[in-house]
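Number of protein chains: 2
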Amino acid sequence: MGYNAFLERMGEVNDLLNAESILKWDARTMMPPGGADTRAKQLATLTVLARDHLVADETRRLLERAEAETASLPADGVERTICAQVREAIEYHLRIPAALVHKRAEVGSIGQHIWAKARADSDFGSFAPVLEETITLNREMAECIGYEEHPYDALMYRFEPGETVRSLQPLFAALREGLLPLLKAIGEKEPPPVGFLERPFPVASQLEFALKMARKLGYDTDRGRLDLTVHPFEVSFTRNDVRITTRVNDEWMPKSLFGTLHETGHALYEQYCDPAYTRTPLATDLIGLYAVGGVSFGAHESQSRLFENHVGRSREFWELNYGELRGTFPEQLEGIDTETFWRAVNRVQPGLIRVESDELTYDFHVMLRVEIEAALIDGSLSVPDLPEAWNAKVEEYLGLEVPNDRLGVLQDVHWSSGQVGTFCNYTIGNVMAGQLFAAATKDDRVRNGLANADYLPLREWMTEHIHRHGRRYSRDQLLEMATGRTLDPTDYLEHLTRKYSDIYGI
Amino acid sequence: MGYNAFLERMGEVNDLLNAESILKWDARTMMPPGGADTRAKQLATLTVLARDHLVADETRRLLERAEAETASLPADGVERTICAQVREAIEYHLRIPAALVHKRAEVGSIGQHIWAKARADSDFGSFAPVLEETITLNREMAECIGYEEHPYDALMYRFEPGETVRSLQPLFAALREGLLPLLKAIGEKEPPPVGFLERPFPVASQLEFALKMARKLGYDTDRGRLDLTVHPFEVSFTRNDVRITTRVNDEWMPKSLFGTLHETGHALYEQYCDPAYTRTPLATDLIGLYAVGGVSFGAHESQSRLFENHVGRSREFWELNYGELRGTFPEQLEGIDTETFWRAVNRVQPGLIRVESDELTYDFHVMLRVEIEAALIDGSLSVPDLPEAWNAKVEEYLGLEVPNDRLGVLQDVHWSSGQVGTFCNYTIGNVMAGQLFAAATKDDRVRNGLANADYLPLREWMTEHIHRHGRRYSRDQLLEMATGRTLDPTDYLEHLTRKYSDIYGI
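Note that the protein sequences, when read in sequence, are chains A and B.
The working numbering applies: residue 1 is where the first sequence begins, and numbers increase by one.
The working numbering applies: residue 1001 is where the second sequence begins, and numbers increase by one.
Note that these hints are calculated values from the structure, not bench results.
Hints may contain errors.
Chain A regions said to be covered by chain B (calculated; three or more residues, Cβ under 8 Å) [what the hints assert, rightly or not]: (1) 190-200; (2) 216-224; (3) 229-240; (4) 416-427.
Negatives, chain A to chain B, calculated, CB over 10 Å [to be verified]: (5) R39; (6) K41; (7) L46; (8) L49; (9) E91; (10) R139; (11) E149; (12) L182; (13) R247; (14) W252; (15) S314; (16) T340; (17) P350; (18) E464; (19) T486; (20) Y504.
It should be emphasised that the depicted structure is a prediction, and the values quoted were computed from it without experimental measurement.
Idealized CB from N, CA, C, for every residue including glycine.
Just chain A, same shape as in the assembly (with noise of 0.2 Å):
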């Protein structure tokens, strides 16, 4: 009875952050142009209030009761994990002054409109002033949320729980060390043609195809949908309404298609999320206020991309599904075989931008970031030399010279509206799909699954060892359960090098 209270009360939170997730999905898709400074407040208010609800006296009171009540069971049950969750969750945000959260709201909202202008006059310098408060501001809420060693921790805490700078060193070690000789030995072979993905592919047919593919990878569109946007994205409202958002190039075809795979990764941790976790914190990120069931970025990470690149970017899904593509597209894919089409969506060419990145030099782009935004944090990088201290990472990691901070320290987003200690997530999404996808493809079902277009057992899989726990456990625990083993980047790095191998002839 008091549980059951409780359980509502955190119903409601869910459904506030829901809210703040459809008004988003539309301010990203639908609003039109005039909606956007009325839309914005309409978000604030919903963040303000979420967090005001699960902090408030009366959420405290009814969950002294749940925590009275459920005090018998057993103690990794639902319920004694739903309320040492929340009260996880109470703590957290009460460390953290309300002005301090407004502050930083704001200065987001204001930096967003500069940094864009920055970025698109390539001028780092009108950056840089609210970059250096964005910085003090993050390490005052570093120091409010607390941490044992570095005070960047504190900050990937509400991304990718139990990860630590000295967490990442000896993983990021391990790729450079696995990966450089690779991209070195590939910088010397002869590249894969590609100019034929560059032919016009009609949008709506690119639309359709990439549908049909979400579908068979096991994409409920009863209980989602697909639409258009600028910056793609996947977004839950409950598992009962799952939403991916492509973008589509005319002139390269593969941005919609991969990019629709990968969402469509996304969407299935949160479709196939266990029903009896619907609008409990189980479903919730009450951490960073965000309705999702996913248990940490990277976790989440690791469904995309093994959907993406293990599955879509795999010999094998070409080799049964090239010939509906070709049947879609007669004319703009004439005289490519699979072989070609396969190699030229998987070709390796390091580049400037994080976002059109390959499979191979994407955590190279995640690495620089995460080293340079500890470095800002603990200060010993200062503001003024971070465009110089970019710069040579870029050298030094992807062996390129960075002719401009448009397309170097002023790329990404995140900075501007506030956001530190997220980049991480993205190689550890990596190494978690190379993780899971070798423990899956260990059971025969979804080996001959895979050999046989049906979807239908890997995705399965998944589920039972992902998707359906939702936020129930951590990551780690997640991965020992599903395959024996923490992080390890060891099947990702096999992964890696075998198909490069191959592509690449080395």
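Please arrange chain B on chain A, whose structure you already have, making use of the hints.
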């Protein structure tokens, strides 16, 4: 300072109610079917929180400070009007116990499912028990709200403040007296041919033409958009984002065209509200808990009916715009001249279904509903006797026999969702539209504009006299300022008599 903090608090209430409206728009235009259950919960939470935020101690504290601070300002100025409206709304909501609000929402939610099935089966008996409960709950609500003469007055207050059973009697009598003879005379004449309107008009072109006309009337698509839905509506999320919807029937072209002009009239009311009122109580219905700038449902309907009927169904409009319509649909409109088209879209035909009724018979559908609702609420009519009473009134007002309850007493959704007291708005809107259009066309600029397909002067007249004021003045204050009189059916009856005598040669 205190007043500003109070306004910001009211801005949050407006944000919450706008968020609710966005969720409703999405549910009716974009949401995949699976999302319905959790969306209903999200909407319920937002309603409760908006109400709680309004009546909270903190709001009352801020209101008291704002009242003290503005006590020396003019009583009819913006500041004190806002304070008075908020105080009234808080008192209104505090009179209604939360348990009653909750119970009514619950019965409304169950009621809609039961009604949908009952209507499909034309089985009034299965809907009767939940209707009985709805009537009882609305009676309780009326007792809580309070009234002077008739409990139904308390229920109408939310939609049409100031209107009462007694005030409607002379209005309805005048309409009956003016319209029944006209209707009888029309029944003796040859109806204009309408068969060509049933030809297939391509959906995309219908939408494009309708939106073009909406823009011509002043609808700003930088602050709005047109989408498809099942039951068309207009909804605003502040004046900066005002959306309209339509339903396209490819076998009855007038539906989407005049439906769009109708929603355009609603949209203009919201889009041209004074920008200074954005997020304030002057753009928020704090009694009905709905983010809307219009001062009453009837006043809102006056704008939709004015642009749909007085502009869109006028001979002058089609003399100027029919060429463009025929250019869009040359095959479908082959051999049809302006006069034939204009007469066809104004054909009078008494029918059983309110939402399909023409300009002349609509008010009879309204009157019978208002009379029946009032009788149900005061107990002079019992639910078991309802179908018989309904059928007798349809016979009396429209001269039609009701073959079954599906086409009779079960046709409207309102009661199933718990709503009683909203029907009079439609007729008040018609009457007001007549009165406002007559006043506006005394202005040379407006008349010259209409004669030259320039609808800006008319829109500006309405903005000057109606739109911009938001909820600052009562409906009758607005009418007096704009036309020199409170609600008066003379102009409306004159309009109908003149127009239909012309069309039918009476």
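So, against the hints stated earlier in the document, which numbers end up violated here? Going through the list in order, the structure violates hints 1, 4, 5, 6, 7, 8 and respects the others.
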